[in-house]
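Chain residues, written in single-letter form:
Number of protein chains: 2
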Amino acid sequence: MRGQMMDDALTITSIMDFADRVFPNTEIVSVTADNPRHRSNFAEAFARSRKLANALTKLGLQAGDRLATLAWNDYRHFELYYGISCSGYVCHTINPRLFPEQITYIANHAEDQWVFVDVAFVPLLEQVQDQLETVKGFVVLTSAEHMPKTTLKNVHCYETLIADQPDTFAWPELDENSACALCYTSGTTGNPKGVLYSHRSTVLHCMGTNQSSSLSLSASDSVMPVVPMFHVNAWGVVYNAAATGAKLVFPGPKMGDGETLASLVNEEQVDFAMGVPTVWLALVNYLKESGTRVDSLQRVIVGGAACPESLMRAMDEFDVAMQVGWGMTEMSPLGTYNTLLPWMNDLPDDEKMVYRLKAGRLIYGVKMRIVDEEGNELPWDGKASGRLQVRGPWVCKSYYKLEDSDAHLPDGWFDTGDVATIDKYGYMAITDRTKDVIKSGGEWISSIDVENAAMGHEDVQEAAVIGVPHPKWTERPLLVVVKRPGTDPSKEELLGFLEGKIAKWWIPEDCVFVEQIPHTATGKVSKKDLRAEFSSYTY
Amino acid sequence: MRGQMMDDALTITSIMDFADRVFPNTEIVSVTADNPRHRSNFAEAFARSRKLANALTKLGLQAGDRLATLAWNDYRHFELYYGISCSGYVCHTINPRLFPEQITYIANHAEDQWVFVDVAFVPLLEQVQDQLETVKGFVVLTSAEHMPKTTLKNVHCYETLIADQPDTFAWPELDENSACALCYTSGTTGNPKGVLYSHRSTVLHCMGTNQSSSLSLSASDSVMPVVPMFHVNAWGVVYNAAATGAKLVFPGPKMGDGETLASLVNEEQVDFAMGVPTVWLALVNYLKESGTRVDSLQRVIVGGAACPESLMRAMDEFDVAMQVGWGMTEMSPLGTYNTLLPWMNDLPDDEKMVYRLKAGRLIYGVKMRIVDEEGNELPWDGKASGRLQVRGPWVCKSYYKLEDSDAHLPDGWFDTGDVATIDKYGYMAITDRTKDVIKSGGEWISSIDVENAAMGHEDVQEAAVIGVPHPKWTERPLLVVVKRPGTDPSKEELLGFLEGKIAKWWIPEDCVFVEQIPHTATGKVSKKDLRAEFSSYTY
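If you're matching them up, the sequences are chains A and B in order.
Just so you know, the first sequence maps onto residues 8 to 546 in this note's numbering.
Just so you know, the second sequence maps onto residues 8 to 546 in this note's numbering.
Honestly, I wouldn't trust all of these hints.
Each pair may be met inside one copy or between any two copies, as identical chains are not told apart.
Claimed, not checked - Below are the EDC-like pairs computed for lysine to aspartate or glutamate, each with C-alpha atoms no more than 20 Å apart in a straight line:
1) 374 x 182
2) 431 x 34
3) 374 x 14
4) 408 x 14
5) 374 x 24
6) 431 x 27
7) 431 x 51
8) 431 x 24
9) 374 x 27
10) 442 x 540
11) 508 x 456
12) 374 x 180
13) 261 x 41
14) 535 x 456
Simulated from the structure, these hints should not be mistaken for laboratory data.
Note that the structure is a prediction, hence the values are computed from the model and not measured.
Produce the entire structure from the sequences given, and follow the hints as far as they go.
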């Protein structure tokens, strides 16, 4: 028997309509390449999205066509998000930090029709435009007066393109399962793979993450997403803010600039900000050096990588609560969020820190489990570590144009590629990547835990741990270290330093010093390259 | 183009699984007829729901069968909610305060197969059991030792029924559009009509109302639903609590007992409670008389009827913030919720009160509009008043077994039957019921506003205003008053009292005194009966 409730579809259009109607005057403040403080609001932004929608119609696109963006966080990118998706096209955000070959691969694989590009990335596109097989033209996100000289073919100026368009548009009625956005993972192996979000998955992620134990935004908030809009939709906040009336403060190209971030916080009364650890490191370093305070800033969500304890403690000194969130491109992205249970607030500081540094508890809507190598579910006891698997209506089923890919397991779950523990209070902690975990004597050693311990030594600038084949133990850990300039620690000193900090059998067999450790385009340590570098190393 | 995200269904089962896994130890505290403080938790409750599911299977039911409850808020009713809906049956909550004929009509119309009943309502069912056409038997919600003597046929004891069942059960994979619950509106005209909720509508209502500007529950909350579980699923809180890990405190049959409510708040550290104005009036009266405080109580949601200003101010004195919510059975029920915008907190007290008393702002997921008699949309200016219409995925499309009913308008919207204004900040205020509004000289007079003004006179115990045909103005208001015992105000005094409080042309033509004003089964003034009573009255 079917219920008799309305069939209204879950679409991004409904989020836009809501904000337009209920919070027309809520501000959107942007730093752009040509304006240090552009001020707008939801009503203006959505009026411009409607102008854009009219302009897109004139380009003769088909429903479902992919339109790419290469852009920082600002109001024009915001307009593109809504104008493209609500028109029935797919907003394909490309990470401009990728290597040119990757950008070319991604744009061709996605069959992008047009590319909307910030002035700063025009040279990058000029370099690859002849390899772009499906792109019909380019739109530079600027005004006529700031339009750069360019060799790009069939190029438009964004402001000119939308200027004469009417600001009314009849948005199509969309199926909630239709695609709205596309984002490629910059995996460490193989070609990038595309996650094709639907309107439904996006709305449900927005509603799920707006719950009180997660982002929990409201019209009282002023939110600064320092996570890029080309990285999993800025963790969804572009939708969360509109669904709640939160003010948006976009830092534009000034993502890693502590001074700009601090002044944005203070001038726009930002109380909630989002970004990766390096961003907050830049902010806290600036605050310390300059003696500046950020009193309005209450909460910061940190994700994308583990949050170092030192960073969390440094932010504590500025009365900013860091909250760890965890997810991935394939999860829209959020799966867990870290808020403490009431009784944990009464714990001694160090015990509290143990919980605060974990990846957090599940958000309702997502399920998770940890399993051993045979696929048996492991207990939530904080000790057993296993492959972390998830499922839910905002988790990827298969990759774009790879419908038969292994994105999900036979029973419908998605293997995150992470190894994790979950404690009895539901707090999950990532201990490693599945492919980086070191199998020693039938047990697993967490390379991340060993690295974190080694990073605690003052002479270590960067440390990475990989497994190396071992005749007796299958694998044994090898510690690879970049010395801090001007220091010269010995291997015995570093290995000795680890004693008492990690299990005795986790202590690496050996330590080698290198000039630099290889990184991926997104700044993560490339264990794949590191293992290749040490492929001839033997115990 | 379809997105490639998982198709996981939005089901109540997923809420249950979440709480069972993430918050097994979160408490459920109940007052029951036979135990002043029954203590349980999510893990225990859901284990008992699984025992119940096994017992239901043995009863030989079909998917979609309706199972009725006549029960107060306690842990057994909680188990029924999940055990019935997640098994694929429909949990049909019946209001035991209805007249016996209405209960009979409702049970027969729903074709209920079994009735789960509190001991207190056994006599009521004994009285009507011979008229129940489809009911196969009864289950009394108690233990063997408290089982009453009864003439009910084919009667079981709940605890005996589930005692020997296994506490494992393979919940069926349900279509998210399948029906999960049924609730009849006790309309003031015609027969009661059933709203048939789906798993999808219930989950979306839960996610929508758990956002930060609405109920905003979290694992830090201890929640007391004083709104009955037979009234629109206790405003959904049974699901909201499970999806967030909030502790539940059920007052059982002690709904209107200020002393019990106060002691539950203090002993269980309740910080959030939900109920109609009369409940909070009972609480505040008790607090004043006894000198008791309720320091843990932070927020109270008040709905079901307009919140009197005097009540809100009285609760303010106890540092309890009253937040108005608005909705209806056809809306699952919530549509708007009142939290102030940041700048409103700086307003002088009286101006702030104007906003606080309104029905609040839209919750994302629901749309609303006000229209004039020709269906033209009216502006959100706080002045224009019109028919209030809503739509969204948790709004009723049609009534049960009345698929062709007028539940929705031709364009898919639902007419609430209310007349409302919406101000430029999105705050909606109900000014009347459509059928009670008084049409005078082409304009509308809000009977509610006139009543509220009249109720401000100290000699008025109760006041109601109806429209009476008028040769020149179409209708003119008539004020009907019950005098406070021991007082004897004149009609001239009361009508004079209204001057300056409402528009001059809103002042009733006449005032009549009565011994009592007729009420419906749910305690609302029955304007229909009042109009019938004064059908021969003429100007």
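Given a CA cutoff of 20 Å, do residue 431 and residue 51 count as a within-copy pair, a between-copy pair, both, or neither? Result: close only across copies, 16 Å inter versus 48 Å intra.
Identical-chain pair category, residue 374 with residue 14, by Cα at 20 Å: Classified as between; 13 Å across copies, 26 Å inside a copy.
With identical chains, the pair residue 374 and residue 180 could be close in the same copy or across copies; at 20 Å between alpha carbons, which is it: within, between, both, or neither? between (31 Å within a copy, 15 Å between copies)
When no copy is named, should residue 374 and residue 27 be tagged within, between, both, or neither for a Cα gap of at most 20 Å? between (33 Å within a copy, 12 Å between copies)
Between copies, within a copy, both or neither: which fits residue 508 and residue 456 at Cα up to 20 Å? within (10 Å within a copy, 71 Å between copies)
Given a CA cutoff of 20 Å, do residue 535 and residue 456 count as a within-copy pair, a between-copy pair, both, or neither? within (18 Å within a copy, 72 Å between copies)
How would you label the pair residue 408, residue 14 (within, between, both, or neither) given a Cα cut-off of 20 Å? Between copies, since 18 Å is at most 20 Å while 29 Å is not.
Residue 431 and residue 24: within-copy, between-copy, both or neither at 20 Å Cα: Between. Shortest inter-copy distance 15 Å satisfies the 20 Å Cα cut-off; intra-copy 42 Å does not.
Residue 442 and residue 540: within-copy, between-copy, both or neither at 20 Å Cα: Only inside one copy: residue 442 and residue 540 sit 16 Å apart there, 81 Å across copies, limit 20 Å.
Is it within a copy, between copies, both, or neither that the alpha carbon of residue 431 lies no farther than 20 Å from that of residue 34? Answer is between; shortest inter-copy Cα gap is 16 Å, intra-copy 42 Å.
Are the CA atoms of residue 374 and residue 24 at most 20 Å apart within a copy, between copies, both, or neither? This pair counts as between: shortest inter-copy Cα distance 9 Å, intra-copy 30 Å.
Status of residue 182 relative to residue 374 across identical chains (alpha carbons, at most 20 Å): between (25 Å within a copy, 18 Å between copies)
Consistency note: the structure conflicts with none of the earlier hints.
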